[in-house]
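Student: The lines below spell out each chain.
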Amino acid sequence: MISRRDFFKILLGALFTPLLGGILFTLPRKKVVRPPGAVKEDLFLKICIRCGLCIEACFKEGRGTLEPCGILDGIALIGTPKVNPLRAPCEALYGKCEGKLPCVKACPTGALKWVEPHEIKIGSVEWYPRRCIAVLRGGCLVCAEVCPVPGAIVPKGRIPTFNSNKCIGCGRCVTACPAHPKALKLTPKGERRAS
Amino acid sequence: MKISTLIKINVLTVIILIIFYLTLNIIDIAKGSYCIFLLSEIPFICPIGLLQRPDLIKASTYSMLIGLAITLILIIVLGRVFCGWLCPIGILIRFTNKKARSSEHSSILACFISLITLFFVSWTLGYPVFCLICPIGIVSRIIISAVSGIFDIWGIIWGAIIFLLIMAMFTDWCDGICPLGALQTLLSFMKIVRIKVNDNCIKCNACMKACPLRLKIYQKRKTDQMKCIVCLRCIAICPAKALKLTLHHPSSSNRNK
Amino acid sequence: MSRKISRRAFIKLVAGAAITAIGLGALGYHLGWFGRKEPSLEREVKPNPYVKNGRSLVSIIKGHDVDKMVRTSVEAIGGIDKIVKPNSKVLIKPNVGFNDINAVASPEVVRAVVELVQDANPKEIIMAESGVRGYDTSDNFEATGIADVAKELNVDLINLDKTGKVVRVKTKGGKTLKEVKAFKQAYDADVIICIPKLKRHSEATVTISLKNMMGIIPDDQKGRFHELNLHQCIADLNSVFRPNLVIVDAIEVMTVSGPRRGKMIPGNAILASGDPVAVDVIAAEYLFKLEGHISPLKAALNVAHIRLAAELGVGTNDISKIEVIERKVG
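Protein chains in written order, with my numbering: chain U, 388 to 582; chain Z, 5 to 261; chain V, 287 to 616.
These aren't lab readings, by the way, just hints derived from the structure by calculation. Errors might be hidden in some of the hints.
[Claimed, not checked] Below 27 Å or equal to it, Euclidean Cα-Cα: the simulated DSS-like pairs (lysine-lysine) are:
hint, chain 1, residue 1, chain 2, residue 2
1, V, Lys437, U, Lys487
2, V, Lys549, U, Lys543
3, V, Lys575, U, Lys543
4, U, Lys553, V, Lys549
5, U, Lys396, Z, Lys226
6, Z, Lys248, U, Lys427
7, U, Lys569, V, Lys451
8, Z, Lys224, Z, Lys248
9, V, Lys451, U, Lys447
10, U, Lys569, V, Lys467
11, V, Lys448, U, Lys569
12, V, Lys437, U, Lys447
13, U, Lys487, V, Lys448
14, U, Lys500, Z, Lys62
15, U, Lys417, U, Lys553
16, U, Lys569, V, Lys464
17, Z, Lys248, U, Lys396
18, U, Lys396, Z, Lys224
19, V, Lys549, U, Lys572
[Claimed, not checked] From the derived model, a few chain U residues whose C-beta atoms are all more than 10 Å from chain V:
hint, residue
20, Lys396
21, Leu398
22, Leu402
23, Phe403
24, Lys417
25, Lys427
26, Ile434
27, Gly457
28, Gly461
29, Trp501
30, Val502
31, Glu503
32, Pro516
33, Gly577
Ideal placement from N, C-alpha and C gives every residue a C-beta, glycine not left out.
All chains should be modelled from the sequences, with the hints used to inform the complete structure.
Tutor: Set out below in structure tokens:
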């Protein structure tokens, strides 16, 4: 028969993984930009099996913008895919993946669902005028130059202005911004998730 | 065969599997790694991964169920061969494991408790809690990131943290705490790949000292057969040549008690 | 295992660590991770052979037959053989910065230029581009049809962003940049033939041949241009990487705004010259004229990077030293 001490040792061992996982689940999380076609975030975190197949498909058939979330994004998010415009912009619209969405096709669990082009909005861009070359010195409107959406970035004189309701969150402006540190950041604000 | 040779073969089988995953992904024959492996449109999903996700179970496709069925049948027939030869964490644990606890205790109970609490917590939270810390998942993602041209430094750091945690707290990870091991143990109740003891046994306990789970396999306990990861170290070290790997017929009268 | 580490083992550990550090340091120095930098390279700039009586020749051919227009434009200033010799390594640099057909040199013009160069039979012809940051240059090639042209004519089409080899080249009298980073293919070429598209540009006012040369520098260097002073940097770049022949695609002209979106007006013209400053002046004048500007020439001469390039001697923006040859073909 088992001694009481050993019984508690077994109990602790058996409870370890679910309890540790449960505790880590409550730690704070960042809001990250998900690939196009992602379902709502709480459902996404449940279904995504963190296999990385969408990341692989983006690298092979897309621009290679997806990467796995790390510890700093929140332990509950580790392994889930996020869009990183510093790697490449997401060309789900107006670009390489238009009509194709290799990330969605690769997802084996349905955490990424097919969406029509007019439904795609993965986030919007945030502008930091204090870092912007156009504001500080003039002579730069690269963000307005590369933006594929008519009317999303409009130069008013020497300075760009941003219409976040037109912005689809592709991140081309972030990739192209020549400022160090970048004057633009991609956020999930205004994103449309698949139902 | 010497134990050191077995250990070398064990390292080789894990490395070969990882290279297999890397190559098949790079040349597009198959996709995925430990967490989910897609071969000709059939997804072979980790059963623990699937069972923690009630939403996914509800939405599972026929091909997913076929893949799952094949995985479960392999485990039922072969037992814990994955743990013994293919698990990347098992091989690391066996390298560093100096003192495993003795096998006097019944950890079949621990397997049940482990799995039931896992499913209870993940189904009520609605969240796959083990996948957060699963060390096999970490290795799986490092492989896929490498295929995608990404050096997953945060994955490696998290993997190191989890591994050190396991080493510090549990030297018997494989014996009922790891949910995949626990599930495979419970499914091994009618496996055909078994270790058979003949009458040459002198009860010297050399097999127990060599066994990573410290099983006294000569005691012919059913629970020990279920926990056995078929690593073959006991067979290699037995001085009386009393142990043998056999295919056990379920209907045979020569059943171990 | 004993807690204490023996003295011998300790010395071995420290020695091993020191040797590893020195070895890595030497390797790093050798690979250029840190330490002294190699001196930047020099590049010879050949004089413009398309001159007559000390004046730069600029042809402007109006019409509809693209192939005939391109050939006539080069013939009118002196013919392709003046710069493309049998032992020349030719780099053709079309504008393929975006994946939008309106924003790039049209495939018909590119085809005509490649065929013209192929007729002169040089040693090597390559076509290369490094597109606008945020756009995949290979994707640009496919989406605009330039990739198909290259395949049909069997000419190497190179995405410079993927080839990786970058060299540092000294500028000739550059005011902001003393040296510029450029792709090795551009450095190695004997002859650079530039095919810009006549467009407006939000920061540079217009983008013609001088601005088009930014396609031979890597992305981080392009960013530097905007950080420092775009117009001066364009001039500094062209001081050492001056195109030997420029053929401007003004079949459809992007007016009012650019370089990605603007009002497309038919220009039905091809301009050619061996002097990038002169051709930029004449082309910009044509663009402003199409927009209905009151004094298009004055506006063209006011474009900062054209003026700064003339100051560095890249070409001439003095109208009295430019001879414009106008022709009309079918």
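Student: Which numbered hints are broken by the structure, listed smallest first?
Tutor: Failing hints, ascending: 6, 17, 19.
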